[in-house]
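Novice: Chains as they are written, first to last, in the numbering used here: chain A, 1 to 414; chain B, 1 to 414.
A hint or two may mislead.
Just so you know, same-sequence chains aren't split out, so a pair can sit in one copy or run between any two.
Pairs of lysine-lysine residues, derived as PhoX-like cross-links and limited to a Cα-Cα distance of at most 25 Å, are as follows [claimed, not checked]:
| id | residue 1 | residue 2 |
| --- | --- | --- |
| 1 | 255 | 147 |
| 2 | 127 | 9 |
| 3 | 9 | 282 |
| 4 | 403 | 127 |
| 5 | 34 | 96 |
| 6 | 96 | 147 |
| 7 | 270 | 34 |
| 8 | 366 | 282 |
| 9 | 273 | 9 |
| 10 | 12 | 366 |
| 11 | 34 | 139 |
| 12 | 313 | 21 |
| 13 | 255 | 350 |
| 14 | 270 | 413 |
| 15 | 273 | 34 |
| 16 | 413 | 366 |
| 17 | 139 | 98 |
Rather than coming from a laboratory, the hints here were simulated on the basis of the structure.
Protein chains: 2
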Amino acid sequence: MRRSQLFTKTQKQAPADEVSKNAQLLLRAGYISKQMAGAYEFMPLGLRVLNNIIEIIRQEMNAIGGQEILMTGLQKPDNWQASGRWSDEVVDVWFKTKLASGAEIGLANTHEEALTSTLRQFINSYKDLPVYPYQFQTKFRNELRAKSGIMRGREFIMKDLYSFSIDKDQHNEFYELITQSYLNIFERLGIGESTFLTFASGGSFAKYSHEFQTICDAGEDEIYLDRSRKLAVNKEVYNDEVLTDLKLDKTKLEKVKAAEVGNIFTLDTKFSKDLGLNFTTKQGGQQPVFMGSYGIGPGRTMGVITELLADEKGLVWPEGIAPYDMYLIRVGDDHDMVRQADKLYDDLIKLGKAVLYDDRNEGVGKMLADAELMGIPTRVLISEKSLGAGGLEVRQRTEADSKVIGIDEFLNKL
Amino acid sequence: MRRSQLFTKTQKQAPADEVSKNAQLLLRAGYISKQMAGAYEFMPLGLRVLNNIIEIIRQEMNAIGGQEILMTGLQKPDNWQASGRWSDEVVDVWFKTKLASGAEIGLANTHEEALTSTLRQFINSYKDLPVYPYQFQTKFRNELRAKSGIMRGREFIMKDLYSFSIDKDQHNEFYELITQSYLNIFERLGIGESTFLTFASGGSFAKYSHEFQTICDAGEDEIYLDRSRKLAVNKEVYNDEVLTDLKLDKTKLEKVKAAEVGNIFTLDTKFSKDLGLNFTTKQGGQQPVFMGSYGIGPGRTMGVITELLADEKGLVWPEGIAPYDMYLIRVGDDHDMVRQADKLYDDLIKLGKAVLYDDRNEGVGKMLADAELMGIPTRVLISEKSLGAGGLEVRQRTEADSKVIGIDEFLNKL
Chain A
1 MRRSQLFTKT QKQAPADEVS KNAQLLLRAG YISKQMAGAY EFMPLGLRVL NNIIEIIRQE
61 MNAIGGQEIL MTGLQKPDNW QASGRWSDEV VDVWFKTKLA SGAEIGLANT HEEALTSTLR
121 QFINSYKDLP VYPYQFQTKF RNELRAKSGI MRGREFIMKD LYSFSIDKDQ HNEFYELITQ
181 SYLNIFERLG IGESTFLTFA SGGSFAKYSH EFQTICDAGE DEIYLDRSRK LAVNKEVYND
241 EVLTDLKLDK TKLEKVKAAE VGNIFTLDTK FSKDLGLNFT TKQGGQQPVF MGSYGIGPGR
301 TMGVITELLA DEKGLVWPEG IAPYDMYLIR VGDDHDMVRQ ADKLYDDLIK LGKAVLYDDR
361 NEGVGKMLAD AELMGIPTRV LISEKSLGAG GLEVRQRTEA DSKVIGIDEF LNKL
Chain B
1 MRRSQLFTKT QKQAPADEVS KNAQLLLRAG YISKQMAGAY EFMPLGLRVL NNIIEIIRQE
61 MNAIGGQEIL MTGLQKPDNW QASGRWSDEV VDVWFKTKLA SGAEIGLANT HEEALTSTLR
121 QFINSYKDLP VYPYQFQTKF RNELRAKSGI MRGREFIMKD LYSFSIDKDQ HNEFYELITQ
181 SYLNIFERLG IGESTFLTFA SGGSFAKYSH EFQTICDAGE DEIYLDRSRK LAVNKEVYND
241 EVLTDLKLDK TKLEKVKAAE VGNIFTLDTK FSKDLGLNFT TKQGGQQPVF MGSYGIGPGR
301 TMGVITELLA DEKGLVWPEG IAPYDMYLIR VGDDHDMVRQ ADKLYDDLIK LGKAVLYDDR
361 NEGVGKMLAD AELMGIPTRV LISEKSLGAG GLEVRQRTEA DSKVIGIDEF LNKL
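If we strip away everything but chain A, and leave its shape as in the complex, we get (with noise of 0.2 Å):
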């Protein structure tokens, strides 16, 4: 994509009533833009990033059986009523809306009545199962404050997956599964490293559910972390109980600050058996159906991977989520060196590289500050100095320095 052509412009300042780090920063890099507080607008930039992180996570939840499916926003109250989720005194974050006909309907918070309910069509007897599906759909959550920018947003995109079991064992195997799947997910996401299994609360269902949390200043959770297992509980529910349990020693936790990106429940029969979800046994029997749901919020975690790489400069994108894999900058706009840059920026393509040219034709310290802001992996910049030089001067987002390349070195080692 030639930078000329891109429709948004980058911003020296955040507008001054946004108070979160990542919403700054994507604002000034047009990669988002504010309908109001709790809802943006992905821009071409941020759109490609929360693309490359929903085809991520796609591709594992493809990996361990997953089925892609699209539930409905709109809701019909019957569902809801069936497992007591109806009223605005249960689930506080509701939006609600009327049909013409006047009748009363609700926007999709979350999918376990719709899909529990749709699946009665599907599921009879013990061969059906287990089934897993999941989609990536846009949720909506009528939030008293929204603050966080797009880690908490009233309506925001959810991979939600459910999974429907023949019983506990069957359940357990899978709840192992989509674990290590989760946990190769933020891998790949490029925050592995900061992001811990932890132990919560399991509701009325189970002794615990499990949250993947990210440290992070900006999170809303504090979590016990043992970095040596690499596990954490969460405040909510560390009492010495629970550490006997868990066979944690205290001494070795370390208090954090964590935002929660991801998070894996078991729902044991609550809704299965609420909404009449049951299967025919090898037996012969009827059972109702052994429930989880796993949710991942791709926006969401795109503003923590935000808040937790960005620097001074500007926004820092990991490889593979990146929105170009490059940011190609040219100096100067005389004939000969417009031919050697457009060369090169077809060259790249011809590479399978996803590059920005930036062809504007700025001052030169104005597109080194964009490529800074925008976050871009590798920046690469072509000029009659880097030329005379040998090359092209080269600098990853995250290292200091840059090296002056020849093309041709440059263009083998892709």
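Take the given structure of chain A and dock chain B to it, following the hints.
Specialist: Frame of chain A; chain B shown alone:
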């Protein structure tokens, strides 16, 4: 994908309350599920078709300079108050809801206002124009009646592109370009021959808008069609003046029912004036941006393709948008047959084919009926009988007869 793993099932009968042909067939084939009238959930096969349609549209939008973004469903009132479209009396399909603070907000039924407002931060000069942002985004429209299956939803994904140009000339150039792009899209979607550029009312902004109307009994429109010129006029503007203007001969026009699969509008400076989206001209003056909007509903298009191409046995998908290229049926389950069919499945995947492999060992009649109902382009059957006759029994969904082809010959042809 092995059919034994796919969690959906086919049904012989559609639900009694479902009146539209597209929803009846898609429900029976397990492509969709119904949350409520006008809000359908996409199951794995349905989502694959929807995504194939989206990908074709995306390629064509990118090819004419479109830049993909993602706007929010939630909308604050101020932009819509500025354009005069916040009132339920002006726009009768609003879903409105309230923030926890009590402030009223709406769910986007279109995005002229939001995007025009957002672009104020990016467009300052004539040098910033033209720009063509677009998205695939979930729209909400509070339709009084929703009986057309996925052809008219209360919730549906829309591709909406908006053009921002310096003036009418620059606008017209793009308008012609995207007209051709839309025709390409419907050609690639397999409904090109039945889809016609149709003159419709331009509202207050232009003499005409243009619709892309597909001849279809389930359509809600009536058009007057000149087949030789591949042009039509919507009934709403069918009068002598318009016919003269378009040089159409009344006696050559055919009146047909049609479904609108796309529309393109000239918006002039309506929204840029209302929302203050101005730019500095070459001469240094201030001028409002000249706009257009361009919609295609991928879900509606999927419904129209269903209505148009399905036959008495079920769905019929064109290549390129079908959920799988092939439906492979294995008859019998003795060791040798399983080994041969599994190997064929692996070989087809290695050749890059998307294959739905019916490995369930159901009765052959049931498997054949499922293959027909699901509408996958090529059906490949392997059985002792077919092997005895020389190989595989291969049938195209749109052809009456199958033929036997040797396994190696079949693979070599791909």
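Novice: Run every hint past the structure and note whether it holds.
Specialist: Evaluation of the provided hints:
For the homomeric pair residue 255 and residue 147, the shortest alpha-carbon distance inside one copy (24 Å) is at most 25 Å, but the shortest distance between copies (56 Å) is not. Taking the shortest Cα distances, residue 127 and residue 9 sit within 25 Å of each other only across copies (13 Å), while inside one copy they are farther apart (55 Å). For the homomeric pair residue 9 and residue 282, the shortest alpha-carbon distance between copies (20 Å) is at most 25 Å, but the shortest distance inside one copy (62 Å) is not. With identical chains, the CA atoms of residue 403 and residue 127 are never at most 25 Å apart, being 61 Å at best within one copy and 34 Å at best between copies.
Proximity of residue 34 and residue 96 under a CA criterion of 25 Å is satisfied in both settings, with 23 Å inside one chain copy and 19 Å between copies. Taking the closest pair of Cα atoms, residue 96 and residue 147 come within 25 Å of each other both inside a single copy (22 Å) and across two copies (23 Å). Within a single copy, residue 270 and residue 34 get their C-alpha atoms only as close as 38 Å, which misses the 25 Å cut-off; across copies the closest is 23 Å, which meets it. For the identical chains of this complex, residue 366 and residue 282 are inter-copy neighbours only, at 23 Å across copies versus 69 Å inside a copy, given an alpha-carbon limit of 25 Å.
Taking CA atoms no more than 25 Å apart as the test, residue 273 paired with residue 9 passes between copies only; the shortest distance there is 22 Å, against 53 Å inside one copy. Taking the shortest Cα distances, residue 12 and residue 366 sit within 25 Å of each other inside one copy (10 Å), while across copies they are farther apart (65 Å). For the identical chains of this complex, residue 34 and residue 139 are neighbours both inside a copy (17 Å) and across copies (18 Å), given an alpha-carbon limit of 25 Å. When the C-alpha separation of residue 313 and residue 21 is checked against a cutoff of 25 Å, the pair qualifies only within one copy, where the shortest distance is 12 Å, while the shortest distance between copies is 57 Å.
Taking identical chains as interchangeable, the C-alpha atoms of residue 255 and residue 350 are never at most 25 Å apart, the minima being 49 Å within one chain and 50 Å between chains. Taking identical chains as interchangeable, the C-alpha atoms of residue 270 and residue 413 are never at most 25 Å apart, the minima being 56 Å within one chain and 52 Å between chains. In this homomeric assembly, residue 273 and residue 34 come within 25 Å of each other (Cα to Cα) only across copies, at 21 Å, whereas the closest approach inside a single copy is 41 Å. Proximity of residue 413 to residue 366 under the C-alpha cut-off of 25 Å is found in neither arrangement, the shortest distances being 29 Å within a copy and 55 Å between copies.
Both within a single protomer and between protomers do residue 139 and residue 98 lie at most 25 Å apart by alpha-carbon distance, with minima of 18 Å and 16 Å respectively.
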